[in-house]
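Listed in order, the protein sequences are those of chains U and X. Reading the first sequence from the start, the letters are residues 1 to 256 in my numbering. Reading the second sequence from the start, the letters are residues 257 to 478 in my numbering.
Careful: at least some of the hints might be erroneous.
Covered by chain X, according to a simulated footprint, are these stretches of chain U (three or more residues, beta-carbon under 8 Å) [unchecked claim]: (1) 69 to 82; (2) 85 to 91; (3) 168 to 181; (4) 197 to 209; (5) 212 to 222.
Beta-carbon label-pair distances, calculated as ranges [as the list claims (entries may be wrong)]: (6) Trp170/U / Thr279/X: 57 to 65 Å; (7) Ala382/X / Val28/U: 42 to 50 Å; (8) Trp390/X / Gly241/U: 36 to 44 Å; (9) Met326/X / Arg54/U: 29 to 37 Å; (10) Lys7/U / Gln265/X: 34 to 42 Å.
Partial selection, computed: residues in chain U whose CB lies under 8 Å from chain X [what the hints assert, rightly or not]: (11) Phe18; (12) Leu22; (13) Leu193; (14) Met194.
Calculated from the structure, these hints are not laboratory results. Virtual Cβ for every residue (Gly too), placed ideally from N, Cα, C.
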Amino acid sequence: MKIAQTKSAQLALGIVSFAAILLGWEAVVRWGWVNPFFVSQPSAVAASLSRAARSGELGHNVAVSFREFVIGYGLSVVVGILAGALAGRFRTVEYSLDPFLWFLYSTPLIAFYPIFVLWFGLGVPTVIALTFLLSVPQIAANTLHGIQDVNPGLIRAARSFGATDRDLLWKIVLPASLPAVIAGLRLGVGRALMGVVVGELFGATTGLGYSISYYGALLKTTDMIASLVVVIVLGVLCTQGLSALEARFDSWRVTD
Amino acid sequence: MVDPKFTSQPSRVIAAGFEIIRTVRFRHDVAVSLWEFVIGFSLAIVIGVPLALLLGRSTVLRYLLDPPIMAIYATPHLALLPIIVVWLGIGMQSKIAVAFVGGVIPIIVNTVAGVRGVERSWILAARSFCAGGWDVFLKIILPGSLASIILGIRLGLSRAVLGVVVGEMYQSQAGLGNEVMRYGSEFRTDYLLFYVLLISLFALAATSGVRALEEKLWTPGK
C-alpha cells in the first residue's frame with residue numbers, strides 16, 4: 001500500500017515536473033522575456049517535428065542513426081562479451097588485452113575521426129566504427145569482472161561433484177556473471193549512443209546528430225531542438241529498456 | 257608496408273611532440289583547454305554536490321527533478337554541443353558549459369545515491385542523542401556519502417575532459433581540441449596522435465589521482 005502510494009506520487013511529481021518545464025518554456029517566450037531565436041518554444045518544436053515526420057525526413061534520420069547504432073553496438077556486444085569471457089578464462093589474454101582496454105576507455109576516440117574518415121570513408125562506416133570502439137571496452141571490462149567475481153566456492157563445489165568445463169560455463173559461470181554483463185550492456189548503450197551522435201556531428205551526411213549540427217550551423221534553433229528532443233527520447237527509451245532487462249535478470253539473486 | 261599517412265609511426269609521433277612542445281602556441285592551447293576544464297568541472301562540483309545533497313534529503317524535490325536529470329543522463333551530453341554554441345558562442349564559455357554539463361550529471365546521480373544509502377539507524381541514533389539537523393548533516397550524512405561523491409567526481413571527470421576536447425573540435429579558436437581538428441583535417445597523423453596521447457594521459461592521470469584518493473578513504477581502520 002505504502003509502496004503503491006509512493007510510486008504514484010513519484011509518477012505524478014515527474015509529470016508535474018515535465019509539464020512545468022514545458023509551460024515555463026512556452027510562457028517565457030510568449031511573454032517576450034526570452035528571445036525565441038535562442039530557445040525556440042515547445043509549440044514551434046512540436047510543429048517542426050510533425051512537419052519533419054510528414055516529409056519523411058525524421059523517419060529517414062532515425063532509420064540511419066538506428067541502423068548505425070544497431071550494427072556498431074551489436075558488433076561490440078559480440079566482440080566485447082567474447083573478449084571479456086576469454087580474458088576471464090585465460091590470464092594471458094587478460095594481461096595482453098588490459099592495456100588496450102584502458103587506452104580505448106580513456107582516449108577521446110572522437111579525435112581519431114579524421115583518420116577513420118580516411119580509412120572507412122565519410123558517413124555510415126566511420127560512425128559505426130566510432131560506436132563500436134566507444135562501447136566495446138565497457139562491455140568487455142564488465143564481462144571480465146563478472147566472470148572474475150564468480151564465487152570460487154561455487155566452482156569448487158561443482159568441480160567436486162564432477163562438473164566438466166562445459167557444465168561449469170553453462171551452469172555456474174554464465175548465470176553468476178550475467179548481471180554484471182547486462183550492467184555492461186546498459187552502460188555500453190550510453191557510450192554507443194554517444195558514438196552515433198558525435199560521429200554524426202562531425203563525420204556524416206545524414207542522421208540525427210548530423211541534423212542537429214546542420215540546423216545548428218544554419219541557426220535554425222527550432223529544428224535543432226526538435227532533433228535534440230528525438231535524441232533524448234531515444235536515449236531514455238534505450239536506457240530504460242536495458243534497465244528493465246537488468247532488473248529482470250537480477251531478480252533471482254539473493255542479496256546478503 | 258603501411259602508408260605512414262594512415263597510421264604514422266612511434267618515432268614520428270615523438271619527433272612531432274618535441275617540435276610541438278617548443279612552440280608558444282602549444283603553451284597557449286594547453287592553458288586554454290586546462291582553464292576551460294578547471295572552471296567547468298569546478299562549477300560542476302560546487303553546484304552539483306550541494307544540489308544533490310538537497311535532492312537526497314528531500315523526497316518531493318527528488319521526485320520533481322529526477323525525471324529531467326535522468327533524461328539528460330540518458331542522452332549523450334555532447335548532443336547539446338550545437339545548441340550551447342548558439343547560446344554562448346564559439347569562445348571559452350561554450351566549452352566551460354559542455355564540461356559542466358558532462359561533469360555535473362554523474363556527480364548528482366552518485367551523490368544522491370550516496371545520501372540515500374546512508375544507514376538510517378545512524379541518523380536515528382544521532383537524533384535520539386539530540387543531534388540537530390545540522391549536526392546530522394555534517395557528522396553523518398556528509399561523511400557517509402563521501403565515497404559516492406568522489407566516485408561521481410571520478411566518473412564526471414572523464415566526461416568533462418571529453419566535453420572540452422570535443423567542444424573545441426566542434427567550434428573554437430584555440431585549445432588542444434582545436435589542434436586535433438586542424439591536424440586531423442590536414443591528415444598530419446603524427447601531430448594528431450601526439451595531441452590525442454597528451455589528452456589521454458591527462459585524463460588517465462586525473463582519473464587515477466581521484467581513484468587513489470578513493471582508495472585512501474576506503475581503507476579500513478580510518
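Checked hints:
no. : hint                            : verdict
1   : 69 to 82                        : violated (count 0)
2   : 85 to 91                        : violated (count 0)
3   : 168 to 181                      : violated (count 0)
4   : 197 to 209                      : holds (count 5)
5   : 212 to 222                      : holds (count 7)
6   : Trp170/U / Thr279/X: 57 to 65 Å : 59 Å, holds
7   : Ala382/X / Val28/U: 42 to 50 Å  : 43 Å, holds
8   : Trp390/X / Gly241/U: 36 to 44 Å : 43 Å, holds
9   : Met326/X / Arg54/U: 29 to 37 Å  : 30 Å, holds
10  : Lys7/U / Gln265/X: 34 to 42 Å   : 60 Å, violated
11  : Phe18                           : 6 Å, holds
12  : Leu22                           : 11 Å, violated
13  : Leu193                          : 5 Å, holds
14  : Met194                          : 4 Å, holds
In the structure shown, a violation is registered for the earlier hints numbered 1, 2, 3, 10, 12, in ascending order.
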